[in-house]
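J.: Sequence:
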Amino acid sequence: MEYRLSISIIALLCTVNFAFAGEIWVSVTGNDKHAGTREMPLRTVAQALKQAREWRRLSDPAVEGGINIRLERGIYPQDEILFLRPEDSGTEESPTVIEAVEPGKAVLSGGIRVTGWKPVTDFPAGLPEVARGKVWVADAPEIGNRILEFRQLWVNGEKAIRTTWLAPGEMKRILDFDTEKREIWVPTPAIKGLENESRLEMTVHQRWAIAILRVKDWEVQGERTRVTFHQPESRLEFQHPWPQPVIGGEKGNSSFTLGNAIRLLDRPGEWYQEYPSGKIYYWPKENVDLSTTEVVAPVLETLLEVDGSLERTVSYISFKGVSFEYASWNRPSLYGHVTLQGGMYLKDAYKLAVPGLPEKAELENQAWIERPGAALQIRGARQINFSGCTFKHLGATGLDYEWVVNNCRVEGCLFTDIGGTALALGAFPAGGFETHVPYMPEDEREYCSDIRIANNLITEVTNEDWGCVGIGAGYVRNMTIEHNEVSYVNYSGICVGWGWTPLDSGMKNNRIHANYVHHFALQLYDAGGLYTLSNQPSSEMTANRIEQLGNAPYATNDRAFYIYFDEATDGYRVKDNWCPEPLFDANRPGPANVWINNGPTVSDSIKSAAGLQPEYNYLKDSIHETN
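For the sequence shown, this note's numbering assigns the number 1 to the initial residue and increments by one for each residue that follows.
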């Protein structure tokens, strides 16, 4: 009887098609000539993806249940962008999963170590007296026979301070802003010789954005100094009307600071890269031994590029527990950086002598923008998911779902120490598309749609471009942003919408639910913990918790709100959002918004349920962990 039963079970098993995922193993001690087994792992993720791609091309039986690319613990330096294309796609039945064996401990890094540090004995011209005997120097790495130039540097995982005139976050008020002569007047600093600094930069605080301007002329006239700037940023800064610096605001003039000069290297933790030698000068903090300290400079701006199309998307690929670290942002060194909003930099902009467009009769300015770079760029994609991943030490945007992206998920991830926006998604039409014209592509597949952003911890971001945000969504539809915690951002927390238009632009059915936003608007105003733009029918904003609005010490007015419906916001049902006071604003909103029970009267149960769900609270403990 037992024998017949065993035969029956065996026969049954033989009739069932069990599909097991094929595995490809990768290790920092592996070799790309190996077979990719656990015992003989590959060395690079790129080679693992190539092997997986070949398995799919040849219909290898290993792909029947999917492909798991398993990354052992370690740092995987990227000397070029990791590139995913339609040929890498999995299917619903056979997805590709790129997974860290130990979550958070497999790092795809765009950085390189800076070594060979020595105390400075031959002091460079302009080095302050206070820094002499305290500053160390190293040669910049060479990449492709060229000296590496960069704007970011990390010491033992902490972002070092690129030389600045004042303490980080401190500024002084400008004296005058002359659009006709294209010059800014500032109080003369006590530091002598700044006119000899060929790469001096000025950062200007202008309402809800900043501008980074490369100084051309520095002309001291007693207690006042006249400053002009290089092109193209000079034209953009003085020609575009929104946002320009304020003179005579409610709380004073707009503010500025200076950076990137050897004469400003005057406190521990600061660094400067000399041009054209590339030498790096650094004043170590107390108890930092540069003979044993890890100093990392970024090489790549983009670590991962997913590039599909309308007809051939990149599909069914997931990243689990992978850490993406060290990416650069160098554009301001070449062209300056003048933005419209949310980090979108201007290609052209000017005030209209005669207002009006067919789509907007009262419009008095036009602007054309470009999107900032991102460490991870996703275009033409479906089911490209990230769970339990870490995004940190990044110069510009962290993760960007740009165009033709749908049915994706970002869940349980940590975003921290990011120069720009942590997570961007949706169209911010660029190039020749005027930014006030409603976005209505002929093919609706171009919209980013059906993306879920949930249970992510986003903190200490926007640390280079203060005008960026925690989560920034442009033209999106069917979007869910829920149970995220967003904190320590210099402008707005979660932003949805673009275009400043009441007209139909395809946005609809967006849901902002149960998020916890705090410590926002730390430097810039005209901000909202939750911020929206334009017409978004059938959308909702519910059960969020917003508190601890920042002080923004150099803002020229008090326009910051827990919820801010900026121009033409319409179609939202706003219910049960807790904040300590009903500090809300709406700028020419549409008629279809409905507000129900928002402010301090919302129940404690709704308030306490906002933010990370309990199973994701571990993210708070992982912020300061090192690999």
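Hints are computed from structural coordinates only; laboratory data are not their basis.
Please note that a few of the clues may not be correct.
[What the hints assert, rightly or not] Below, in silico cross-link-like pairs of lysine to aspartate or glutamate (DMTMM-like), each with a Cα-Cα straight-line distance of 20 angstroms or less:
| # | residue 1 | residue 2 |
| --- | --- | --- |
| 1 | Lys118 | Glu286 |
| 2 | Lys607 | Glu540 |
| 3 | Lys192 | Glu180 |
| 4 | Lys320 | Glu540 |
| 5 | Lys347 | Glu434 |
| 6 | Lys320 | Asp621 |
| 7 | Lys50 | Asp32 |
| 8 | Lys508 | Glu482 |
| 9 | Lys620 | Glu460 |
| 10 | Lys279 | Asp122 |
| 11 | Lys192 | Asp266 |
J.: Taking the hints in turn, state whether each one holds.
T.: How the hints compare with the structure:
no.	hint	in the structure
1	Lys118 to Glu286	holds, 16 angstroms
2	Lys607 to Glu540	holds, 17 angstroms
3	Lys192 to Glu180	violated, 28 angstroms
4	Lys320 to Glu540	violated, 30 angstroms
5	Lys347 to Glu434	holds, 10 angstroms
6	Lys320 to Asp621	holds, 18 angstroms
7	Lys50 to Asp32	holds, 11 angstroms
8	Lys508 to Glu482	holds, 16 angstroms
9	Lys620 to Glu460	holds, 12 angstroms
10	Lys279 to Asp122	holds, 13 angstroms
11	Lys192 to Asp266	holds, 13 angstroms
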